[in-house]
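**Student:** Sequence lines, in order, name chains A and B.
Residues in the first sequence are numbered consecutively from 1, following this note's numbering.
Residues in the second sequence are numbered consecutively from 1, following this note's numbering.
One or more of the hints may lead you astray.
Where chain B lies over chain A, by a calculated footprint (3+ residues, C-beta under 8 Å) [what the hints assert, rightly or not]:
hint	region
1	21-29
2	75-87
3	248-254
Chain B is nowhere near these chain A residues, computed Cβ spacing over 10 Å in every case [unchecked claim]:
hint	residue
4	N15
5	S245
6	D269
7	L292
8	P311
For the record, the hints were derived by calculation from the structure and aren't laboratory data.
Values in this document were obtained by computation on a predicted structure and should not be read as measured data.
A virtual CB, placed ideally from N, CA and C, is assigned to each residue, including glycine.
Protein chains: 2
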Amino acid sequence: MSPANETALRRSGVNSQDLVARLRVGDRRSLARAISMVETGGPQARELLAAAYPYAGNAHVVGITGPPGAGKSTLVTALALEWRSRGVTVGVVAVDPTSPFTGGAVLGDRIRMQALGGDPGVFIRSMASRGRLGGLARATADAVAMLDAAGFQVVLIETVGAGQGEVDIARAAHTTLVVEVPGMGDDVQSIKAGVLEIADVFVVNKADREGADKTVRQLRAMLHLADRQPGEWEPPVLTAVATTSTGSAAIVDAATRHLAYLRETGLADARARHAAERELAAAVQELALERLRGQAWHDLVARIASRERDPYGSAEELFNALFHG
Amino acid sequence: MSPANETALRRSGVNSQDLVARLRVGDRRSLARAISMVETGGPQARELLAAAYPYAGNAHVVGITGPPGAGKSTLVTALALEWRSRGVTVGVVAVDPTSPFTGGAVLGDRIRMQALGGDPGVFIRSMASRGRLGGLARATADAVAMLDAAGFQVVLIETVGAGQGEVDIARAAHTTLVVEVPGMGDDVQSIKAGVLEIADVFVVNKADREGADKTVRQLRAMLHLADRQPGEWEPPVLTAVATTSTGSAAIVDAATRHLAYLRETGLADARARHAAERELAAAVQELALERLRGQAWHDLVARIASRERDPYGSAEELFNALFHG
Numbered sequence: 001m002s003p004a005n006e007t008a009l010r011r012s013g014v015n016s017q018d019l020v021a022r023l024r025v026g027d028r029r030s031l032a033r034a035i036s037m038v039e040t041g042g043p044q045a046r047e048l049l050a051a052a053y054p055y056a057g058n059a060h061v062v063g064i065t066g067p068p069g070a071g072k073s074t075l076v077t078a079l080a081l082e083w084r085s086r087g088v089t090v091g092v093v094a095v096d097p098t099s100p101f102t103g104g105a106v107l108g109d110r111i112r113m114q115a116l117g118g119d120p121g122v123f124i125r126s127m128a129s130r131g132r133l134g135g136l137a138r139a140t141a142d143a144v145a146m147l148d149a150a151g152f153q154v155v156l157i158e159t160v161g162a163g164q165g166e167v168d169i170a171r172a173a174h175t176t177l178v179v180e181v182p183g184m185g186d187d188v189q190s191i192k193a194g195v196l197e198i199a200d201v202f203v204v205n206k207a208d209r210e211g212a213d214k215t216v217r218q219l220r221a222m223l224h225l226a227d228r229q230p231g232e233w234e235p236p237v238l239t240a241v242a243t244t245s246t247g248s249a250a251i252v253d254a255a256t257r258h259l260a261y262l263r264e265t266g267l268a269d270a271r272a273r274h275a276a277e278r279e280l281a282a283a284v285q286e287l288a289l290e291r292l293r294g295q296a297w298h299d300l301v302a303r304i305a306s307r308e309r310d311p312y313g314s315a316e317e318l319f320n321a322l323f324h325g
Numbered sequence: 001m002s003p004a005n006e007t008a009l010r011r012s013g014v015n016s017q018d019l020v021a022r023l024r025v026g027d028r029r030s031l032a033r034a035i036s037m038v039e040t041g042g043p044q045a046r047e048l049l050a051a052a053y054p055y056a057g058n059a060h061v062v063g064i065t066g067p068p069g070a071g072k073s074t075l076v077t078a079l080a081l082e083w084r085s086r087g088v089t090v091g092v093v094a095v096d097p098t099s100p101f102t103g104g105a106v107l108g109d110r111i112r113m114q115a116l117g118g119d120p121g122v123f124i125r126s127m128a129s130r131g132r133l134g135g136l137a138r139a140t141a142d143a144v145a146m147l148d149a150a151g152f153q154v155v156l157i158e159t160v161g162a163g164q165g166e167v168d169i170a171r172a173a174h175t176t177l178v179v180e181v182p183g184m185g186d187d188v189q190s191i192k193a194g195v196l197e198i199a200d201v202f203v204v205n206k207a208d209r210e211g212a213d214k215t216v217r218q219l220r221a222m223l224h225l226a227d228r229q230p231g232e233w234e235p236p237v238l239t240a241v242a243t244t245s246t247g248s249a250a251i252v253d254a255a256t257r258h259l260a261y262l263r264e265t266g267l268a269d270a271r272a273r274h275a276a277e278r279e280l281a282a283a284v285q286e287l288a289l290e291r292l293r294g295q296a297w298h299d300l301v302a303r304i305a306s307r308e309r310d311p312y313g314s315a316e317e318l319f320n321a322l323f324h325g
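Only chain A is shown next, with the shape it has when bound in the complex:
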């Protein structure tokens, strides 16, 4: 679409059904635009998500998380190439908080990702939104839904770190790969922080480095301490050298086995119900804020800031005014 058309379309208001129809037949500009819209949020985003909703729910969503410097972007590229070699289409959502210094990306990563450039079976999107209500986890889940509705069979989510934010983002994934590297941190602390709970597959990347065997052994030892029911998924600990694509096939195999496990055990259905409830709750929360923001809201904020009022009683007052207004 030419910039002139783009502007014309924007002026005329976007028809969500049309946009979804176009992204579903492979129109990459429509897909990019749809993701931008859901990243922004608001009523138009909800309309678009509603239109796309019936077509999503088919992709295998795979989260890739781990500490900075673990080589996640390179691994994502290697895995995407592996899936492509199997004829599977791949969407990538890179959750990379913007930074005034780096622009949220290291040049080397971008260069490596160019190996995927020009392939219509791949779509890469970097999320940089911060302002969005509900935060990055929300925007990421919605971007994944768009790639899913567009028919990408695997959607990879790359997240930095392993804190609570990443746990929230990981909820959008069926399968979470946790990437470690040899010698990060000198003890088990490097893999505490809730990571063991979210990991479905461990990948020790940069496995050609000294200490890789030790890291693998430590991870396996920790996993053996876990109480597991018979038949419960035990996260495999795999090794990779992402820069040379070593280990990619085994990782893709493990992720695929994990999805089969979720489906066979009914966990995939349970996950879909939880996701549905989260989506509904998020939509309700967004609507509540939209409907309650007005003059009374701004007056109350000023009085809360000066501690004349408290936020909790103020919220009740706004709600009650809405019901009787």
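Position chain B relative to chain A; hints supplied.
**Tutor:** Just chain B now, kept in the frame of chain A:
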């Protein structure tokens, strides 16, 4: 309070005003109980927060974040001791996602923290809640508010990692210390991920290790790349060996200077307004969910999971039913 009294009080329902009155005169059991209540959330938590709200807003809230293994707990202990030596009371909220393996804490940290035990001018609380609506960031901010209302002059928040979740938690702080250690990661990647944006003070801990000078130089070099307005705060890069309390005085000085900077520039007021708006939004969102959850909610969740319905239209329907019901 004896367990019997505790049970009796629970049965009788808690009087929020009483609980706040008690925690304000130094009753540590009441404070512990109040934090547990806000950690759980819900209507009783909101009532308690409303009662405490007029008394909060006075503490200097200091976030301490950084990668796992950076020695944050030890640094928190050293800083708390330094503030105590200046006659300042200190609350600590350690945000430590529970893990089935470690219980979210390493024994050594707990032992070091015992240096603070028995001092009525110190209160330490570990946050482990996950289920709470709005997540850990919300629960942490509320726990900080309780310590603030109880009169602690400095409240330290220790968070693991440096992802989006930690950025959200950092918003509750006036001053954010970002802890790095020599040789974590081999390049600038280890300090991307939004950390530069949230850091008010950098601390290179374990500065007796090889490579500390290099890490300090790299941080300073990155900071010099930033566009700063004249008079704008420039984060100092300090060194510490937390295990021997080396560097604590300079860090406490820097944090104190930073608070003075916020007050002199009016940024402290702007921050209070933003915090007020966030609190109001969070309260509104909690109320919305409470009021809309019912039979219709559960029916809709099932139909959303099967993709018969979409979450966005469903949310509108729930809202409209409430207004006309």
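**Student:** Indicate, hint by hint, whether the structure satisfies it.
**Tutor:** Consistency of the hints with the structure:
1. 21-29: violated (count 0)
2. 75-87: n = 0 at 8 Å, threshold three: violated.
3. 248-254: Our answer is that it is violated, as 0 residues pass the Cβ test (under 8 Å) against chain B, missing three.
4. N15: The claim holds: N15/A sits with its nearest Cβ about 16 Å from chain B, beyond 10 Å.
5. S245: holds, 20 Å
6. D269: The claim breaks: D269/A does not keep its Cβ more than 10 Å from every Cβ of chain B (closest is about 8 Å).
7. L292: About 6 Å separates L292/A from the closest Cβ of chain B, which leaves it inside 10 Å; violated.
8. P311: At roughly 4 Å from the nearest Cβ of chain B, P311/A sits no farther out than 10 Å, so the non-interface label is violated.
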